[in-house]
Amino acid sequence: MPETTKGPAAAPAQFEPRIVAFFCNWCTYLAADLAGTTRIKYAPNIRVVRVMCSGRIDPQFVLDAFAKGADGVLIGGCHPGDCHYESGNYKTLRRFHLLRRTLRTLGIEEERFRLEWLSASEAEPLKAVVNDMVEKVRALGPLHLEVPAEAFAEEAEEVAAR
Amino acid sequence: MTTKPKVAFYWCASCGGCEEAVVDLAEQVLDVVAAVDIVFWPCAMDFKRHDVEAMADGSIVATFVNGAVRSTEQEEMVHLLRRKSQVLVAFGACSHMGGIPGLANLSDTASLLATAYCESPSTVNPEGVLPQRHSEDGGRRLTLPGLYETVRTLDQVTEVDYYLPGCAPTPKLIAAAVQALLAGALPPKGSVLAPDIALCDECPRKASKPDTLALAAFKRPSEVILNEEECLLAQGVLCMGPATRGGCEAACVQGNMPCTGCFGPTSRVRDQGAKALSGFASLVASNDGAEIERITGTIADPVGTLYRYSLPASLLRRRRVAVS
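Residue numbers (the working numbering), protein chains in the order written: chain A, 1 to 162; chain B, 1001 to 1324.
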């Protein structure tokens, strides 16, 4: 993966990305739990949301996370063939590919949206994934999704007050 | 002056199809005209802005505004009409969700102007003249409305009481809304004046939709000869029916074309495109990443398909703007 140029806002103080992580109850969430009990440290930039299955992650959740200020979204699910509900992770995989392409068209880089299969025992790989993603999103800089202030705002206020 | 309830119509960023829809009421339009006093309708009647300004606040019973909001003029008119009206109705997909003009949120004002005034093949403009907000002509100062970078829905600009969905709303729904308004029998504020069920529920092809669907490719209507009886999704065509509110009586499907989503989502869905994406992706007949990439790649224009009418109303609202 080529290193992207540093975002302008990353320059002064070190930019700390906020990453929303949706972890499956049966695998990745347990991997994060295992990382805790075995004192494996990973970057503190992720905010974990536990879901019963990665297949429960509605694309609306991902868009809402970005819209509400996340700089990245990470999804953790069971390895292919291991889904507790048989096929939830395959549905996630299908949605992931189409959603990532849609996000790209809307100007959100691929590195900001990531899907990883991590089993309950994979605390070390989880650490590697989180640290890697945090570094890549840090390099991209803040997402800054808000609709920018408009050039005619003053005029509009004037009119509204009339 | 009559004492009939006063009604107004206005258009913002729209195509004129919504005005057409009012005319499509056919002889019912006579009932409407008999029951109300139309005090402002730029498309059809010679009243001016100063006529509206002269009215007392709240003196218009209902104003129907179609079109998205892009320019400073549209914004001013919307605020003015809001103040003069008891009920403000977002009329049609553009004022409801942004509509087709809302797809401009994939671009920015500078590149839109460059395309329209400089780069299009039929344009001759060697000096690169672009519309200016202010200019001088014969000693007179001329002003044009300013264009905002982002297209907005009506309710992103001002408070909206009701939504009449559709591109354009059907005469049946318009008539029902006007009757409800005159009878004082309107539903709770904020309602969309159409049934709160998915289009599939009223689709004549509903029975032919298989219980499970698995698709190895998505097709555009131009790439396939469509069977006139069978569910369009089952034929591999992206039909937005499952993610779209009913009420149009499946007009497009009855014309053998897939639903494109103009009625917007039902009340349980926040983002129509995301919900449609979720549903379509689930139909992909593969568990393999590369194959899934290939199959979803057959959707030629995901944003233009999933968000054809709803990009400004979506969670992300627009293509991300680069911060300088």
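Check the hints yourself; a few may be wrong.
[What the hints assert, rightly or not] Away from chain B, derived, C-beta distances all over 10 Å, residues of chain A: (1) 45; (2) 67; (3) 80; (4) 95; (5) 101; (6) 107; (7) 108; (8) 138; (9) 145.
[Said to hold, decoys possible] Covered, in the sense of this in silico footprint (three residues per stretch, anywhere, with C-beta under 8 Å from a C-beta of chain A), are these stretches of chain B: (10) 1225–1231; (11) 1285–1297; (12) 1301–1315.
[Claimed, not checked] Far from chain A, some chain B residues (derived; all Cβ distances over 10 Å): (13) 1043; (14) 1112; (15) 1187; (16) 1242; (17) 1249; (18) 1255; (19) 1258; (20) 1277; (21) 1278; (22) 1280; (23) 1281; (24) 1282; (25) 1318; (26) 1319; (27) 1322.
No wet-lab data here; the hints were simulated from the structure.
All values reported here derive from a predicted model rather than from experimental measurement.
Just so you know, even glycine gets a beta-carbon here, dropped at the ideal spot from N, CA and C.
Return the numbers of the hints above that this structure violates; sort them in rising order.
Going through the list in order, the structure violates hints 2, 3, 4, 5, 6, 7, 9, 10, 20, 21, 22, 23, 24, 25, 26 and 27 and respects the others.
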